[in-house]
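Protein chains in written order, with the working numbering: chain A, 740 to 960; chain B, 152 to 372; chain C, 698 to 950.
Everything labelled a hint here was simulated from the structure, so no lab data went into it.
We put the beta carbon where it would ideally sit given N, CA and C, even for glycine.
Treat the hints with care, as some may be off.
[Said to hold, decoys possible] Calculated cross-link-like contacts (lysine-lysine; reagent style BS3-like; alpha-carbon spacing at most 30 angstroms): (1) C/K798 - A/K784; (2) C/K759 - A/K948; (3) C/K825 - C/K809; (4) C/K825 - C/K812; (5) C/K707 - A/K944; (6) C/K707 - C/K754; (7) A/K948 - C/K883; (8) C/K759 - C/K716; (9) A/K784 - C/K716; (10) A/K943 - B/K326; (11) A/K944 - B/K326; (12) A/K919 - B/K363; (13) C/K806 - A/K948; (14) C/K941 - C/K780; (15) C/K780 - A/K948; (16) A/K787 - C/K754; (17) C/K780 - A/K787; (18) A/K784 - C/K812; (19) A/K943 - C/K798; (20) B/K234 - A/K919; (21) C/K780 - C/K759.
[What the hints assert, rightly or not] Which stretches of chain A does chain B cover? Using the computed rule of at least three CB atoms under 8 angstroms from a CB of chain B, they are: (22) 754-761; (23) 896-905; (24) 915-925.
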Amino acid sequence: MSFWDEFLSKLYPGALTTLQLLAVTIPSSIILGIFIGFLRVYGGKIGKTLANLYVYIFRGFPLLVTLMIMFFGLADIGIRLTPYWAAALAIIVCSSAYQSEYVRMSILSIDEGQSLAARSLGMRRSAEILYIILPQALRIALPGIGNEVIYMILYSSLAYVVGVNEIFSVAISVNSIWFKPTEVFLTTALIYLAMTTTASYGLKKLERKLWIPGFETGVRR
Amino acid sequence: MNLMTFSKYLPYIFEGSLWSLGLVLGGLGIGFAIGVTFSLIQVYGNPLLKRLISLYVWFFRGTPLIVQLFLFHWSIFPALGIKSTALTTSITVLGLRSGAYQSQIFRGAIGSIEETQMLAARALGMSNWDAISSIILPQALRIAIPQISNEYSIILKDSAICFILGVMELMTRAKYAAIATGIALIPYLIAGLIYLVLTYIGTMFFNLIYLKMRIPDSMEG
Amino acid sequence: MSDEIVLRVKDLCKRYGDKAVLRGVSFEVERGEVKVIMGPSGTGKTTLLKCIDMLVKPDSGKIWLEDLELTDPRTDVSEARRKIGFVFQEFNLFHHLTAIKNVMIGLTKVKKLPKDEARAIAERSLLKVHIDRELWDRYPAQLSGGQKQRVAIARALAMEPTIMLYDEPTSALDPQLTREVLEVIKELAEDEMTSLIVTHEVNFASEVADEIMIMMDGRIVERGDPRSIIYDPRREETRRFFNKIVKIGDELR
Numbered sequence: 740m741s742f743w744d745e746f747l748s749k750l751y752p753g754a755l756t757t758l759q760l761l762a763v764t765i766p767s768s769i770i771l772g773i774f775i776g777f778l779r780v781y782g783g784k785i786g787k788t789l790a791n792l793y794v795y796i797f798r799g800f801p802l803l804v805t806l807m808i809m810f811f812g813l814a815d816i817g818i819r820l821t822p823y824w825a826a827a828l829a830i831i832v833c834s835s836a837y838q839s840e841y842v843r844m845s846i847l848s849i850d851e852g853q854s855l856a857a858r859s860l861g862m863r864r865s866a867e868i869l870y871i872i873l874p875q876a877l878r879i880a881l882p883g884i885g886n887e888v889i890y891m892i893l894y895s896s897l898a899y900v901v902g903v904n905e906i907f908s909v910a911i912s913v914n915s916i917w918f919k920p921t922e923v924f925l926t927t928a929l930i931y932l933a934m935t936t937t938a939s940y941g942l943k944k945l946e947r948k949l950w951i952p953g954f955e956t957g958v959r960r
Numbered sequence: 152m153n154l155m156t157f158s159k160y161l162p163y164i165f166e167g168s169l170w171s172l173g174l175v176l177g178g179l180g181i182g183f184a185i186g187v188t189f190s191l192i193q194v195y196g197n198p199l200l201k202r203l204i205s206l207y208v209w210f211f212r213g214t215p216l217i218v219q220l221f222l223f224h225w226s227i228f229p230a231l232g233i234k235s236t237a238l239t240t241s242i243t244v245l246g247l248r249s250g251a252y253q254s255q256i257f258r259g260a261i262g263s264i265e266e267t268q269m270l271a272a273r274a275l276g277m278s279n280w281d282a283i284s285s286i287i288l289p290q291a292l293r294i295a296i297p298q299i300s301n302e303y304s305i306i307l308k309d310s311a312i313c314f315i316l317g318v319m320e321l322m323t324r325a326k327y328a329a330i331a332t333g334i335a336l337i338p339y340l341i342a343g344l345i346y347l348v349l350t351y352i353g354t355m356f357f358n359l360i361y362l363k364m365r366i367p368d369s370m371e372g
Numbered sequence: 698m699s700d701e702i703v704l705r706v707k708d709l710c711k712r713y714g715d716k717a718v719l720r721g722v723s724f725e726v727e728r729g730e731v732k733v734i735m736g737p738s739g740t741g742k743t744t745l746l747k748c749i750d751m752l753v754k755p756d757s758g759k760i761w762l763e764d765l766e767l768t769d770p771r772t773d774v775s776e777a778r779r780k781i782g783f784v785f786q787e788f789n790l791f792h793h794l795t796a797i798k799n800v801m802i803g804l805t806k807v808k809k810l811p812k813d814e815a816r817a818i819a820e821r822s823l824l825k826v827h828i829d830r831e832l833w834d835r836y837p838a839q840l841s842g843g844q845k846q847r848v849a850i851a852r853a854l855a856m857e858p859t860i861m862l863y864d865e866p867t868s869a870l871d872p873q874l875t876r877e878v879l880e881v882i883k884e885l886a887e888d889e890m891t892s893l894i895v896t897h898e899v900n901f902a903s904e905v906a907d908e909i910m911i912m913m914d915g916r917i918v919e920r921g922d923p924r925s926i927i928y929d930p931r932r933e934e935t936r937r938f939f940n941k942i943v944k945i946g947d948e949l950r
């Protein structure tokens, strides 16, 4: 087999694993992030404290450390996760912490009048949150959440560290056999570049589709 | 294999923070130099340079750090004949990467004040360069401080990834301590907490600078 | 105009910190009546309206909407609010919904009506405030101030409230747009809609009100029919208040 044959044939399952990982982590972290973001605003004393603590820890710990703890650390106390699930969990937990911040800030940016109007019509808190606050907050938080999606694509590469057979670990293993770092790592870089560029493009289209006249979307990184 | 032997490793782990900080400050510094320069070019420079910088930013923001580290250490530097240690490669790559992000931060900051301030400066008879250096840049830098503080936090967490090249920072040391003692959870938790503390200190520091440099009652922040 | 009392407010008090904003306000509104509250800014008029709708919790005092005591802790306030229509100074239309969706949402999500029924009621409501079909699918940002406020009125109206509360409905509008909104409120009032209006518009008040109440320092200091209040008030402060407004009003005209 020639170098390129072997490299590309190994990349294929690796890419699939990466995509699988993303298919799990992206939706989960977004949902969790939204939930925690709302908890931090509407959660009452206990909810807020717990949520804020969660965010403080998982925004403060490097993803790599969280990853090591999920795989090696938890094994110490008897919880043995597979490499794939340790990686997925670490990414979900870390990214959701960041996303909850975008969500929280976007909720707070909505003027009080919206809430007053909702209540004046007789809406209870749950209806107000679901039909008035949530649709607006998500639109405002969209750029920030989109940013996090890009990060998740990039940081999926760290799954290599716990032995997941995704794109980067394929690169490492092929390079260790063939010793062609330039071809291997440049190609790998370009693959990730293609993924993030596609994702960016897709997100811009989504933003345009959801755009409402007069609606300010602007939560910066 | 128990907590007694473990305490021997504490100073070993703590020492890693110096290296981590070295990585961060080096990366932040290089990133700052690149960031400011590139942002000025993007606002005032010629189209070709702007294009090149856009490509640069696109590459460094669109590929994972871990891939960049390997690419530079095993492919680019050797090809250029540069013998780079793990530490220098790490700082360089962190710096190049941060430069990409910081260029966008400063570009935004400059953009937010550009028009009005430039008009006023020209009206006073200032040359372009004078206006930029004494009016626009100082204000832009001040506006950008919160985002630079954020950038600091991010580089700090990314620095953990440099363990892959063998730099003796926090992450690497935690890993060796874990292997040596057979306990994984504790060293990684400690490393995580140290990262938290370092983040906190850094953020406080930037906050202080920001407050000191703020113009009272201005529209910033 | 029947003698049935729709709203009764008794000894309403509210303070923010050490500032007493409402110091014992009492009055009644009968069915079909139009009452206007006027007075210098910052005297608690907005707070009064918000307390009545229980958007703000009063410190003491009682409020009755027909037979229901709103201030009773056992009362389901959300349910009661359906019967009170509130029109805000800043409109507060829902940014993410079109005009007609704004009017429909109370009907579908609060009253749980089926979509087509809600739509029919919403359309009628919008036509009543003279918002034509072509504006129905516009978003609030695409409407003028006057249009926004009229949609807001339609939104409150669609719930078929027992009483409408207007909190300075035209204060955020340019003079040209003020008129179209006041026209609508006037039409509704003439149509026997029980209304409580806070406004600065003296002419409008004199045309539409059955009674004007003057609020100063958190209390109602004078009340009576429009003609006597405006042109021959009993109290010195009231006289001074109207002198100030009428003078400014004259200049605007």
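Handout entry: Proposed proximity, A/K944 with C/K707 (alpha carbon, max 30 angstroms)
Key = 56 angstroms, violated
Problem - Proposed proximity, C/K716 with C/K759 (alpha carbon, max 30 angstroms) - result: 20 angstroms, holds
Exercise for the section: With a cut-off of 30 angstroms on the C-alpha distance, tell me whether A/K948 and C/K883 pass. Expected result: 41 angstroms, violated
Problem - Given hint C/K812 paired with C/K825 - CA-CA distance at most 30 angstroms - result: Holds - the C-alpha atoms of C/K812 and C/K825 are around 20 angstroms apart, at most 30 angstroms.
Exercise for the section: Would you mind confirming whether the straight-line C-alpha gap from A/K787 to C/K754 stays at or under 30 angstroms? Expected result: The given pair, whose Cα atoms are some 24 angstroms apart, holds under the 30 angstroms limit.
Exercise for the section: Quickly compare the C-alpha distance for C/K707 and C/K754 to 30 angstroms and report which way the hint goes. Expected result: It holds: about 14 angstroms lies between the C-alpha atoms, which stays within 30 angstroms.
Practice task
Closer than 8 angstroms, Cβ to Cβ, for at least three residues: run that test on the segment 754-761 of chain A against chain B and report holds or violated.
Solution key: The restraint on the segment 754-761 of chain A is violated, since only 0 of its residues have a Cβ under 8 angstroms from chain B and three are required.
Handout entry: Holds or violated: A/K943 to C/K798, with C-alpha atoms at most 30 angstroms apart
Key = 26 angstroms, holds
Exercise for the section: Would you check the hint for B/K234 and A/K919, treating anything up to 30 angstroms between C-alpha atoms as holding? Expected result: 18 angstroms, holds
Problem - Holds or violated: A/K784 to C/K716, with C-alpha atoms at most 30 angstroms apart - result: 28 angstroms, holds
Exercise for the section: Please work out if C/K806 and A/K948 have their alpha carbons no farther apart than 30 angstroms. Expected result: Measuring from Cα to Cα gives roughly 25 angstroms; hence the hint holds.
Handout entry: 30 angstroms Cα cutoff - pair A/K944, B/K326
Key = Violated. A/K944 to B/K326 sits at ~43 angstroms, over the 30 angstroms cutoff.
Violated hints, in rising order: 1, 2, 5, 7, 10, 11, 12, 14, 15, 17, 18, 22; the structure is consistent with all others.
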